[in-house]
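J.: Sequence:
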Amino acid sequence: MNNESYTIGEFSKALGLSPRTVDFYTRRGLLHPDQPSPGHGYRHYTEEDCRRVALIKQLQAKKFSLQEIRQILESPSNPEAASAVEALEQIAVDLERLHHIVLENHAAAKGVDTPAMRTVATDALQKATGLCTLLVSLLQEMPLH
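Take 0 as the starting number for the sequence shown in numbering that gives the first Met the number 0 and just add one per residue.
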């Protein structure tokens with residue numbers, strides 16, 4: 000896509016969405032197409048709308064609700080919203096990395112699961128990651144595959 004504007008059909012096809020999805024996002028206030036031209040009544044979507052759809056998809060993948068996504072999109076200049084998204088992304092990366100560490104060490108520690116051992120493991124994970132006790136505890140409770 001370039002600096003042109005696109006009808007809903009062109010826009011949805013280029014992004015791999017159905018026109019109904021684009022219309023739904025528009026009705027929910029997530030997208031703001033240009034006002035329809037007086038001659039034909041088509042709404043037009045721009046590159047900015049394309050970037051917004053990419054962000055919407057990323058936030059949906061991180062389990063944000065549409066209401067939360069709209070709030071984030073409405074305050075892009077709000078550094079707190081941007082840093083909150085970045086912090087959540089980093090926590091997700093850290094949790095995935097830690098989950099792999101737990102998986103690797105699970106076999107070695109099998110049969111040694113005592114309250115004292117859990118306390119030592121929790122303290123070690125906290126020091127290594129800087130995550131709070133609650134997040135470390137949740138990580139430890141994740142099922143091991």
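Because the hints were derived from the structure by calculation, they are not lab data. A couple of the hints might just be wrong.
[What the hints assert, rightly or not] Calculated lysine-lysine pairs in the DSS-like style (CA-CA distance at most 27 Å, straight line):
id : residue 1 : residue 2
1  : K61       : K126
2  : K12       : K61
3  : K12       : K62
4  : K56       : K126
[As the list claims (entries may be wrong)] Derived DEER-like restraints, expressed as beta-carbon distance ranges:
id : residue 1 : residue 2 : range
5  : R96       : D22       : 15 to 23 Å
6  : Q57       : R19       : 37 to 45 Å
7  : S64       : S17       : 14 to 22 Å
8  : R96       : S74       : 23 to 31 Å
9  : E73       : K126      : 36 to 44 Å
10 : A120      : Q59       : 32 to 40 Å
11 : N104      : Q34       : 53 to 61 Å
Just so you know, even glycine gets a beta-carbon here, dropped at the ideal spot from N, CA and C.
J.: Hint numbers the structure violates, sorted upward?
T.: 4, 5 and 6
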